[in-house]
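Produce the complete structure using the sequences and hints provided.
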Amino acid sequence: MDIYLLEAIINGILLGGVLALLALGLNLIFGVVDVVWICYADIVMCGMYAIYFLYAQYGVPLPLACAIAISGLAGLGVLVHVLIIAPVLRSPPLNQLLATGGLLFFLQSFATLLFGTDFRNIGVRLPVLEVATMYLSFARLIAFAISLVGAVALYFFLKRTYLGTAIRAIAQDREIVGLMGIDDRRIYLAVSAIGGALAGLAACLLALQYDVHPFIGNTFGPVIFMICVLGGLGNMIGGFIASFVISQIIAIGGYYGSTELSYVFAFTFFIVLMLIRPRGLFAP
Amino acid sequence: MLALSSVSAAYGSFQALFSVSLEIKRGEAVGVIGPNGAGKTTLMRVISGLIAAHEGTMTLEGRAITGLPAHQVVEQGIAHVPENRRLFPALSVEENLRIGAFIPSARARFSERLDWVYQLFPRLKERRAQLAGTMSGGEQQMCAIARALMSKPKVLLMDEPSAGLAPLVVAQVFELVRKIRAEGLTVLIVEQNVQQVLEVVDRAYLLEVGAIRLAGSAAELKQNSVIREAYMGL
Ligand SMILES: Nc1ncnc2c1ncn2[C@@H]1O[C@H](COP(=O)(O)OP(=O)(O)O)[C@@H](O)[C@H]1O
Ligand SMILES: [Mg+2]
Numbered sequence: 005m006d007i008y009l010l011e012a013i014i015n016g017i018l019l020g021g022v023l024a025l026l027a028l029g030l031n032l033i034f035g036v037v038d039v040v041w042i043c044y045a046d047i048v049m050c051g052m053y054a055i056y057f058l059y060a061q062y063g064v065p066l067p068l069a070c071a072i073a074i075s076g077l078a079g080l081g082v083l084v085h086v087l088i089i090a091p092v093l094r095s096p097p098l099n100q101l102l103a104t105g106g107l108l109f110f111l112q113s114f115a116t117l118l119f120g121t122d123f124r125n126i127g128v129r130l131p132v133l134e135v136a137t138m139y140l141s142f143a144r145l146i147a148f149a150i151s152l153v154g155a156v157a158l159y160f161f162l163k164r165t166y167l168g169t170a171i172r173a174i175a176q177d178r179e180i181v182g183l184m185g186i187d188d189r190r191i192y193l194a195v196s197a198i199g200g201a202l203a204g205l206a207a208c209l210l211a212l213q214y215d216v217h218p219f220i221g222n223t224f225g226p227v228i229f230m231i232c233v234l235g236g237l238g239n240m241i242g243g244f245i246a247s248f249v250i251s252q253i254i255a256i257g258g259y260y261g262s263t264e265l266s267y268v269f270a271f272t273f274f275i276v277l278m279l280i281r282p283r284g285l286f287a288p
Numbered sequence: 107m108l109a110l111s112s113v114s115a116a117y118g119s120f121q122a123l124f125s126v127s128l129e130i131k132r133g134e135a136v137g138v139i140g141p142n143g144a145g146k147t148t149l150m151r152v153i154s155g156l157i158a159a160h161e162g163t164m165t166l167e168g169r170a171i172t173g174l175p176a177h178q179v180v181e182q183g184i185a186h187v188p189e190n191r192r193l194f195p196a197l198s199v200e201e202n203l204r205i206g207a208f209i210p211s212a213r214a215r216f217s218e219r220l221d222w223v224y225q226l227f228p229r230l231k232e233r234r235a236q237l238a239g240t241m242s243g244g245e246q247q248m249c250a251i252a253r254a255l256m257s258k259p260k261v262l263l264m265d266e267p268s269a270g271l272a273p274l275v276v277a278q279v280f281e282l283v284r285k286i287r288a289e290g291l292t293v294l295i296v297e298q299n300v301q302q303v304l305e306v307v308d309r310a311y312l313l314e315v316g317a318i319r320l321a322g323s324a325a326e327l328k329q330n331s332v333i334r335e336a337y338m339g340l
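Just so you know, the protein sequences line up as chains A and Y, in that order. Numbering-wise (this note's numbering), the first sequence opens with residue 5 and increments by one. Numbering-wise (this note's numbering), the second sequence opens with residue 107 and increments by one.
No wet-lab data here; the hints were simulated from the structure. Do not rely on the hints blindly, as some may be mistaken.
[Stated by the list, open to error] Dumping the calculated SDA-like pairs for lysine to any residue here, alpha-carbon to alpha-carbon at most 25 Å:
id, chain 1, residue 1, chain 2, residue 2
1, Y, LYS258, A, ARG164
2, Y, LYS258, A, ALA197
3, Y, LYS260, A, TYR166
None of the values given here were measured: they were computed from a predicted structure.
Here it is, written out as structure tokens:
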């Protein structure tokens, strides 16, 4: 096989890791709260700015800056739920979409107002590894490894703890969880915090690879939605697998065409698949 | 033990319960019978806090439970086996039982409770790792009852536990109700299976169109002509 194609495939897998993390967060929130956070990628953007300012401007050590960004976004997730989602929880889906969509525009405009439209880089230069004449970015390798650790940690949390089991239970039957002594409002808060923290972790990993600007959410937000719908909204395993399918299409498409074209390929694949399997790749 | 006084409840503008009063003594098993749509399920939901009563009061061991949300009613000692079982189908049997022990007091004694429940339902122990949704109707009903028992309730509410089950399994379910009573629990059971439920309860209420029409001991009701004609087909 062509060594450059192999490199593209490996880079695709690495990209899939971070996308999977975000797909997990979005699916978790949708599965439990039953609301799609249209603004999810823009929350990631807030995290990237937090890391940029903490680390590049104020000299906070990177691990600490990441920890602050993750806990900050967990807090932001709770705020989003309490201020935006909770008031429209029983409203028609369209109103919920408008509420979180409105937040998307608010966050983008607010970031533009505060920080301007400059592209900012945290300025961490990680080496590029040369493996068997292939060039692999160390930042991407780290991002992939940490994403997998995050996904595995989430899996064990959902599988092994009372709170995690309650989260899975509420996604299956929200009406009767009260009978089990579960306060659904507290589960919603917990899930919003976890979703925020996952966005925070993704922000750390993306800040290593990309410049931050107010509209960075637009570059991967639509891809994450596509992944979640493809995997079946709320289906966490489906979304996880779909992340790697889409990232492969983007990587290989980029190899044969261009980066722009690769997104065209991905969305074309998505639209065709939606016509064949409207409920996602893994619907029974 | 559990007392309801003039409780009314509604879905929006549709009133489903009209001033229902009832009382259950400690250790008693009491039945609620009545036709489809009478408000039996609504009554259970009001007691367990899934829907709010807009009128009347409810007490458990003399303490008011009126207006408490469902998750707090469980902590007071009332467990509810909902209509149609409502297991979490994609959780394993044991995970369903773990959810049943979600409240702190039950969580602290989880393994002890689990042993007790498995002793009561040996079948569930065999199936502990199986997804709840893949079991037979009878096994699912056992699991739903076991899940409710995990919280160590004082009062167990059961909403049509025999519905949709084969006759042999129905008999097993009623046998279980006897066993649960023998464990000292107080039981309130809704049933359409009038003949069989009157064999396991001490007393019963007849609910029609959201109001109590008749109340009496199981022995009295078995002789009552209204019940015999309309509900036992005799
Ligand atoms: N969620 C609901 N919304 C509106 N009406 C309801 C709802 N649930 C039940 N009802 C109505 O309330 C009445 C009592 O229902 P229910 O308590 O389920 O009766 P039963 O359990 O005795 O069959 C019925 O007329 C039913 O149509
Ligand atoms: Mg009913």
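Evaluation of the provided hints:
1. Y:LYS258 with A:ARG164: holds (22 Å)
2. Y:LYS258 with A:ALA197: violated (31 Å)
3. Y:LYS260 with A:TYR166: Since the Cα atoms of Y:LYS260 and A:TYR166 sit roughly 23 Å apart, the hinted pair holds (cutoff 25 Å).
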